[in-house]
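Colleague: Now for the letters of each chain:
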Amino acid sequence: MKIQQSYWTQSEGWDTTPNATSDFNPQLVFIFASTAILSNHQHFEKIQSYYPDAYLVGCSTAGEICDTRVRDESISLTAVSFEKTKIKQAVHRVQNKADSYPVGKALAQQLLTDDLVHVFILSDGLTVNGTELVRGFSETLPDHVVVTGGLSGDGDRFQQTLICANDKPSEDSIVAIGFYGQHLKVGFGSLGGWDPFGPQRKVTKSSGNILYELDNHSALELYKQYLGKHAEGLPATGLLFPLALRTPNSTDQGIVRTILSIDEKSQSMTFAGDIPENSTVQLMKANFDRLIDGATDAAHLTQVNLNTSPQLAILISCVGRKLVLKQRIEEEVEGVRDVLGDNTILTGFYSYGEISPHTPTARCELHNQTMTITTFTED
Amino acid sequence: MHRLLKRQIKRYIEDNTDASNLNDFLNAVSEAYDQSDIDRNMIEHSLELMSDELNKHNNNLQEELKARQEVEYTLRQEQEEQKKLILKLEEAHSQLAQADKLASIGQLAAGVAHEINNPIGFINSNISSLKIYISQLFDLINTYSEIEEQVKLNSVLSDKLNTVKQKVDLEFLIGDIHDLMTESIDGITRVKQIVQDLKDFSHADQIITWQMSDLHSGIDSTLNVANNELKYHVEIIKNYGDIPLVECVLSQLNQVFLNIFVNASHAIQDKGVITITTRQQNETVVLEISDTGIGIPEATCKRIFDPFFTTKPIGQGTGLGLSLSFGIITNHHGTIEVESKEGEGTKFIITLPIQQPEDAKANI
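Those sequence lines, one after another, are chains A and B.
The first sequence begins at 16 in our numbering and counts up by one.
The second sequence begins at 254 in our numbering and counts up by one.
Treat the hints with caution; some may be incorrect.
Stated by the list, open to error - Distance condition first, Cα-Cα at most 30 angstroms in a straight line; then the derived DSSO-like pairs of lysine-lysine:
1. B:Lys259 to A:Lys300
2. B:Lys555 to A:Lys220
3. A:Lys280 to B:Lys309
4. A:Lys244 to B:Lys309
5. B:Lys309 to A:Lys300
6. A:Lys341 to B:Lys263
7. A:Lys239 to A:Lys300
8. A:Lys217 to B:Lys600
9. B:Lys319 to B:Lys484
10. B:Lys309 to A:Lys239
11. B:Lys259 to A:Lys341
12. B:Lys555 to B:Lys491
13. B:Lys309 to A:Lys217
14. A:Lys112 to A:Lys17
Keep in mind the hints are simulated off the structure, nothing from the lab.
On a predicted model such as this, the values are computed, not experimentally measured, just so you know.
Let the hints inform the model, and build the full structure from the sequences given.
Modeller: This is the structure:
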């Protein structure tokens, strides 16, 4: 596996101009950039001219990761040339949330062959119901094929997210990359680091990923109380208080749900994943050290079945963490670097949702507020 | 040095030599301070809200707990009442079984009395006839004796007659037959009376009827029935006054008298006296039955007319006697009261109207 990485900013331009050569002709290029930059198609066309033979795959973000730097309003570009691994791309558009599950199934079926080892997906972050999309994939793919990826972001604006799939970036899309062959070793790990606090509350009214009432009181009102004057900043400031969700009958530690949008008219809040009625939720708060420890531990998880330092790591971390950690955000990326070592190329973005199993043996799920890492190594 | 400050110095000062970066550095530091304030305020605000919420939860839980405890207390009380009720029912059951047995014995006694009545009748009638016949035979024998003195018999016949006379001891025979007849008539009269009293007492074969009755005869026949219970240790003193006939169901009043006599007899531990006093008082008749027994404690006194209340061991008293008595006297539009002093004795005072109100004689 050969990798070329570069970044672009308005003030500096490209740090090193991306360039395909006779001994470096990548099949896959990851492009992570802000919505504004991706909307400018000139950038896409330029990149296409640098790597005319590659799948150009990427999305809009709430922050781009390039090595251990986290930037806003930049392009993080990572071109990968696999030596023994084959890849295939599948794209689908989703017109409304209800389509998320069948689209997930359809994409998985397009990619599924005997030698499929891993699927990496990037999805629209606002229109798609991530929980249902992941269910569509999980139910179609065999157990040994793991799905990882994330939902695209739009800073803290929650207005427009874009997906790039070998074509000009567009909304409402999902792209999935299938990786084939026995020489690719994939590691993955996902951890949060948020602490639940306050009373446990019962979900008394909800529909899919739309939450109306907790303990028979307006959930939106509760958030406004806790946010105080920061309530004006909803939905972004809602990320400061994600929800720890435990479904009825579940015995595990539960998953974290983060807010995507609010609707004053119906007094509802839309979350990045389902909030089933009768489940128990608890507000969560950030603890800087534990967030950073969470990222580090996620990196450790990717190493569970791999002995060597990986060649490529895609870090997908939640926008909520960035809003909390602010100037310290790079500490979590540096934590990952410390674990994976200096030889690993780090790329990734801040997202509206992360897709991965919690642990190597668990079911794939949509997460929020986590650092989710997928590592690739070719032997 | 704080990790963030280190990072800020590295980014804005060490990695850059541009002078304008000092401003950026200061801005970053200031922003970090501001953010820290915002974060701390938010945490404090959250803490306050959370504390309020948890207090409310706590209060709700406490109220819930209190309500539950109250429900539990009520349930426990109900349970205890039910336990008591079950115990009472068990007692009542055994007492009813006992009462049933007593009723059967009463019916049996009435039946036996009825069966004995006929033979006693003809024995009585025969003895009366026999008495007349024997008297006539004695007249005949006397006549024979007179004739014997006037007619000179030959010595053979005279000897034979004297031998028989000596053998049967005619003098004694005549005297003793007279006594035997008198005793037998007396005995049979007593048997007749007992049978009649049993029948009167039980009235098992009679339809309840209101009649003008002689209470003294009712008391006497009841004393007769209870004689076995009383005769060895109780002296009966009758202070009968001049009372008119009383409109009543006498068999029921007899039951009341019997209950009082039997209770009095039980209260008299060694030897004692039952005094029966009767008198007329305006339109009523007053009967007082007092004993020289052990008396009744004050607390018990209030309850003696309660159904199933008894101080006797299970099987010996039904606990129904005095409550039934109370019912009977009430149905007669009379009153029954008790006066008692521990160690001195008990007095029952029964007051009965001589005439029952016209429309109130049903439902006995």
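Colleague: Against each hint, give a clear statement of whether it holds in the structure.
Modeller: Hints, one by one, checked against the model:
no., hint, verdict
1, B:Lys259 to A:Lys300, "holds, 26 angstroms"
2, B:Lys555 to A:Lys220, "violated, 65 angstroms"
3, A:Lys280 to B:Lys309, "holds, 29 angstroms"
4, A:Lys244 to B:Lys309, "holds, 23 angstroms"
5, B:Lys309 to A:Lys300, "holds, 21 angstroms"
6, A:Lys341 to B:Lys263, "holds, 16 angstroms"
7, A:Lys239 to A:Lys300, "holds, 15 angstroms"
8, A:Lys217 to B:Lys600, "violated, 75 angstroms"
9, B:Lys319 to B:Lys484, "violated, 66 angstroms"
10, B:Lys309 to A:Lys239, "holds, 19 angstroms"
11, B:Lys259 to A:Lys341, "holds, 15 angstroms"
12, B:Lys555 to B:Lys491, "holds, 28 angstroms"
13, B:Lys309 to A:Lys217, "holds, 16 angstroms"
14, A:Lys112 to A:Lys17, "violated, 38 angstroms"
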